[in-house]
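Student: Assemble chains F, S and X onto chain G, guided by the hints.
4 protein chains.
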Amino acid sequence: MTKIHHHSVQIYYEDTDHSGVVYHPNFLKYFERAREHVIDSDRLAKLWNEEGLGFAVYKANLTFLDGVEFADICDIRTTFELDGKYKTIWKQEVWRPNATKAAVVGIIEMVCMDKQKRLQPLPNDFMQAMVKL
Amino acid sequence: MTKIHHHSVQIYYEDTDHSGVVYHPNFLKYFERAREHVIDSDRLAKLWNEEGLGFAVYKANLTFLDGVEFADICDIRTTFELDGKYKTIWKQEVWRPNATKAAVVGIIEMVCMDKQKRLQPLPNDFMQAMVKL
Amino acid sequence: MTKIHHHSVQIYYEDTDHSGVVYHPNFLKYFERAREHVIDSDRLAKLWNEEGLGFAVYKANLTFLDGVEFADICDIRTTFELDGKYKTIWKQEVWRPNATKAAVVGIIEMVCMDKQKRLQPLPNDFMQAMVKL
Amino acid sequence: MTKIHHHSVQIYYEDTDHSGVVYHPNFLKYFERAREHVIDSDRLAKLWNEEGLGFAVYKANLTFLDGVEFADICDIRTTFELDGKYKTIWKQEVWRPNATKAAVVGIIEMVCMDKQKRLQPLPNDFMQAMVKL
Numbered sequence: 844m845t846k847i848h849h850h851s852v853q854i855y856y857e858d859t860d861h862s863g864v865v866y867h868p869n870f871l872k873y874f875e876r877a878r879e880h881v882i883d884s885d886r887l888a889k890l891w892n893e894e895g896l897g898f899a900v901y902k903a904n905l906t907f908l909d910g911v912e913f914a915d916i917c918d919i920r921t922t923f924e925l926d927g928k929y930k931t932i933w934k935q936e937v938w939r940p941n942a943t944k945a946a947v948v949g950i951i952e953m954v955c956m957d958k959q960k961r962l963q964p965l966p967n968d969f970m971q972a973m974v975k976l
Numbered sequence: 844m845t846k847i848h849h850h851s852v853q854i855y856y857e858d859t860d861h862s863g864v865v866y867h868p869n870f871l872k873y874f875e876r877a878r879e880h881v882i883d884s885d886r887l888a889k890l891w892n893e894e895g896l897g898f899a900v901y902k903a904n905l906t907f908l909d910g911v912e913f914a915d916i917c918d919i920r921t922t923f924e925l926d927g928k929y930k931t932i933w934k935q936e937v938w939r940p941n942a943t944k945a946a947v948v949g950i951i952e953m954v955c956m957d958k959q960k961r962l963q964p965l966p967n968d969f970m971q972a973m974v975k976l
Numbered sequence: 844m845t846k847i848h849h850h851s852v853q854i855y856y857e858d859t860d861h862s863g864v865v866y867h868p869n870f871l872k873y874f875e876r877a878r879e880h881v882i883d884s885d886r887l888a889k890l891w892n893e894e895g896l897g898f899a900v901y902k903a904n905l906t907f908l909d910g911v912e913f914a915d916i917c918d919i920r921t922t923f924e925l926d927g928k929y930k931t932i933w934k935q936e937v938w939r940p941n942a943t944k945a946a947v948v949g950i951i952e953m954v955c956m957d958k959q960k961r962l963q964p965l966p967n968d969f970m971q972a973m974v975k976l
Numbered sequence: 844m845t846k847i848h849h850h851s852v853q854i855y856y857e858d859t860d861h862s863g864v865v866y867h868p869n870f871l872k873y874f875e876r877a878r879e880h881v882i883d884s885d886r887l888a889k890l891w892n893e894e895g896l897g898f899a900v901y902k903a904n905l906t907f908l909d910g911v912e913f914a915d916i917c918d919i920r921t922t923f924e925l926d927g928k929y930k931t932i933w934k935q936e937v938w939r940p941n942a943t944k945a946a947v948v949g950i951i952e953m954v955c956m957d958k959q960k961r962l963q964p965l966p967n968d969f970m971q972a973m974v975k976l
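Taken in order, these protein sequences are the chains called G, F, S and X.
The numbering of the first sequence is my numbering, which starts it at 844 and goes up by one.
The numbering of the second sequence is my numbering, which starts it at 844 and goes up by one.
The numbering of the third sequence is my numbering, which starts it at 844 and goes up by one.
The numbering of the fourth sequence is my numbering, which starts it at 844 and goes up by one.
In case anyone wonders, no lab produced these hints; they're calculated from the structure.
Every clue listed holds true.
Since the list gives no way to pick one copy over another, a pair counts as held whenever it fits inside one copy or between any two copies.
Taking lysine-lysine pairs in the DSS-like style, the calculated list, with each CA pair at most 25 Å apart, reads:
1) K960 x K930
2) K930 x K944
3) K958 x K944
4) K889 x K930
5) K960 x K944
6) K846 x K934
7) K928 x K960
8) K928 x K846
9) K944 x K902
10) K934 x K902
11) K934 x K944
12) K960 x K902
Quick caveat: nothing in here was measured; it's all calculated off a predicted structure.
Chain G extracted, bound-state conformation (with noise of 0.2 Å):
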């Protein structure tokens, strides 16, 4: 398991709905950014024009515990493994400031893919970053 990565996330009126909090479908894009900054977007932009491949989404299992409010400046916290050659699986976080615990935690499973969806294995040079994180 690699060491925590933060990502500040601002909660700004698109994210919530009129019932006052975070819209929950809205966590799941807060986990997508904040793991496009632990594998950097470059890379990612790289591997999907040049070789063809990007990551997926396979599982994601997710437990809401607070409502989350316009203004708060959330913390998400990431951190993820290697799981065989195809698959990595994330821990992540939402904590609100000042929170003694976190407000959404999820547990997400992404593979790697080639533009005909077919699974591919995870990219060597991804796999070597992965180690020094």
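Tutor: Showing chains F, S and X alone in chain G's frame:
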């Protein structure tokens, strides 16, 4: 377990991302749309405006088995059951046209909350409406 | 100018923000959904996949006159006209149930582009289909 | 007219659509994020929660000049001015990295509303904060 409720979702530009398929958090949107049709949006609006009660997703467990594409008209299949006085459990699936298996499978647990985000028992008339489905 | 095309949009949780009404960029989504029904999504998908052509919004001019609320079922009213060989101009409105005026009014200019984002004349079969509307 | 305010927006998967570039309504989101940083989100939250006042977009005039791509880090450039006691006019632009012209240009008119959606004069402390920018 109730009989299967069907809700149709057409995939527009807004639903896709640059990988060419539906952006994965959007499936949680389709599941919610379908639940709102099962529960009835007017009843939900009334429950919120008059009694200050709303439904919130407590857990979501998603498996992504196939990419869904622009212009697909998908069938969202929904069943649900009561789990005690506080919780409903929804099994929801996304089916692409002519598919032989679901593209996305979700198990969603929902609870009822007041405007202070406190857990509340499921409303009686909701429970009674459930029995009829 | 074509006759009025009607497209129905139900307002879900995903559409609203914490101010209690529809988040304003979403009206551009509803306008696009309606345009896709006018042009026909399958034809759009084919145009993109086989000829590498897509429609892009060049200008959008929006006026917001009323807030639209959760559970509203709105009527999106669309007319459009050709403006030379390169441009179509769409007048689109959002009408709430039982309203006496539009809640949102949009004038949208669209052009046709190839995958290198170069301007292209409107496809002939599209032009011919226009005449029939 | 105020001096230019800069706000940085990174383009993630969620921002793009299957045509490969940013889905056009999303630029309204980036403009709003930038305005929230100009006005200050905490002040906006307080204004809403304590005084029941919010800002609403009355008009938006958008021109789309270039497609914005995944992994671009864009500069949102914002200036604004008061137009009487009721209206603020915002000029906002999206600049891609190393661009020589804006990718998107918007003119946004905003007004202040209470929770019954009635027009209200701009709050005094907001007006005074404006002068200092």
